[in-house]
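> In case you want the letters, here they are:
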Amino acid sequence: MADSPVRVRVQRDDFDLAAEVAAISAGRRDIGAVVTFSGLCRDEGGTLGALELEHYPGMAQAELTRICQEAIARFSLQAATAIHRYGKIAPGENIVLVITASSHRQAAFDGANFIMDFLKTAAPFWKKEHGADGSAGGWVSAKDADDSARDRWTKS
Amino acid sequence: MADSPVRVRVQRDDFDLAAEVAAISAGRRDIGAVVTFSGLCRDEGGTLGALELEHYPGMAQAELTRICQEAIARFSLQAATAIHRYGKIAPGENIVLVITASSHRQAAFDGANFIMDFLKTAAPFWKKEHGADGSAGGWVSAKDADDSARDRWTKS
Amino acid sequence: MASVDLVYFAWVRERIGRGEETLELPDSVVTAGDLLKHLKTLGEEYETALEHENVIRVAFNQEHVDHREPIAGVREIALFPPMTGG
Amino acid sequence: MASVDLVYFAWVRERIGRGEETLELPDSVVTAGDLLKHLKTLGEEYETALEHENVIRVAFNQEHVDHREPIAGVREIALFPPMTGG
Chain A
2 MADSPVRVRV QRDDFDLAAE VAAISAGRRD IGAVVTFSGL CRDEGGTLGA
52 LELEHYPGMA QAELTRICQE AIARFSLQAA TAIHRYGKIA PGENIVLVIT
102 ASSHRQAAFD GANFIMDFLK TAAPFWKKEH GADGSAGGWV SAKDADDSAR
152 DRWTKS
Chain B
2 MADSPVRVRV QRDDFDLAAE VAAISAGRRD IGAVVTFSGL CRDEGGTLGA
52 LELEHYPGMA QAELTRICQE AIARFSLQAA TAIHRYGKIA PGENIVLVIT
102 ASSHRQAAFD GANFIMDFLK TAAPFWKKEH GADGSAGGWV SAKDADDSAR
152 DRWTKS
Chain C
29 MASVDLVYFA WVRERIGRGE ETLELPDSVV TAGDLLKHLK TLGEEYETAL
79 EHENVIRVAF NQEHVDHREP IAGVREIALF PPMTGG
Chain D
29 MASVDLVYFA WVRERIGRGE ETLELPDSVV TAGDLLKHLK TLGEEYETAL
79 EHENVIRVAF NQEHVDHREP IAGVREIALF PPMTGG
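Which chain is which? The protein sequence lines are A, B, C and D, in order.
Okay, so the first sequence: first residue is 2 according to the numbering used here, each after it adds one.
Okay, so the second sequence: first residue is 2 according to the numbering used here, each after it adds one.
Okay, so the third sequence: first residue is 29 according to the numbering used here, each after it adds one.
Okay, so the fourth sequence: first residue is 29 according to the numbering used here, each after it adds one.
Note that these hints are calculated values from the structure, not bench results.
Do not take every clue at face value.
[Stated by the list, open to error] Some, not all, of what chain C presents toward chain B, calculated at C-beta under 7 Å:
(1) Ala-38
(2) Gly-71
(3) Tyr-74
(4) Pro-110
(5) Thr-112
(6) Gly-113
Note that beta-carbon positions come from the ideal geometry of N, C-alpha and C, so glycine has one too.
Isolated chain A (complex conformation) (with noise of 0.2 Å):
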């Protein structure tokens, strides 16, 4: 196929989803189905103020690049692609999109649902919340959850 079928983006403004879409399956005729993920910052019940997105660049474009190939190596995807956000974020905003497109729509849940897993918990991401009566929030801590998550794909 003449374009990559990895697409990787770290940027500090927000992405438009139906751009992404066409970017993956226009002109193309053997997709039968694609799979977007976005992920939103919540207020928490009106408690959070803003999210502050840290990354290390480089290493985050580079991971997040591994976790898109790996996914269109085990799923047989036709193309993958993953967009995350730095800097501050406001409730109601994108944090980070994921698409996959696949022949067949398992294919392609799995491979979202792979790709995310493995963001969460192997991209150089990191969160720190800001309140919404403006207080200095704390670092995210990472869930335990995640973890299991991510450790459901290497089960046989």
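Following the hints, complete the assembly by docking chains B, C and D onto the known chain A.
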């Protein structure tokens, strides 16, 4: 919430992915994850000229609504959308769109996966194939794999 | 004798040769399964369409039902092959 | 003595008080784990940042590594807490 959490449409025209995602999430700050599934018409290696989608008016809408409502209850989704096209659809075009929104990523993934499995086996739509060479095609046969995919939701 | 609206889809519709019709059902037709057997006595087109009874899906008033479901009170009965949407 | 670029992120960066620095490492520092122990001898800020060694993640040249990984030949070493993106 002001809007109905279930949006279902059965229509001849294409849908607008970005507009449908915006309809679910715009103005809300409690959604953490949005998953979309787009099902597209493949050209089957160049042999398929078009699909013709027949449906049972009324029941198609009712069945999609029942499936979305069940997914919302089962996975605690904040919203679910299902749009299914009918009529003649060319390779590369959209056939179906499912969107789920949730506080948590796995619920959004599972909800969309569940809706697709039941949509394929319970929503009254039928596909007829037309050959790329203009030949009148046959009706697509239901796949055992689709029944198996549906039945995994009733195990355990 | 009860009167009922029948609707057919996909290859069931094509083989029977029409998309809908209204039929008077004899009192001996109690369940969806009875209806399929009755229709097969009405002509070769029904015999061909409904040959493999077990694959024919039935909906009463636009809801899926089992072949054992009683017809009493139903306005609209649909017969169709397994669904292939999505 | 080998010279290496160190980069820190999130609360590791905040507690150490800087985002990057270049250090000369004594020959006794062979693995990533040795490096953590060495850094903790350099001052209270390192002691606080690296108190719970087992939760500190290490990357060599922008790839995750185990604490037992040998440092020889590495240009850039990153230390950071478990990741919380997505």
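> Now look at each hint and say whether the structure bears it out.
Evaluated hints:
{"no.": "1", "hint": "Ala-38", "result": "4 Å, holds"}
{"no.": "2", "hint": "Gly-71", "result": "22 Å, violated"}
{"no.": "3", "hint": "Tyr-74", "result": "18 Å, violated"}
{"no.": "4", "hint": "Pro-110", "result": "3 Å, holds"}
{"no.": "5", "hint": "Thr-112", "result": "4 Å, holds"}
{"no.": "6", "hint": "Gly-113", "result": "3 Å, holds"}
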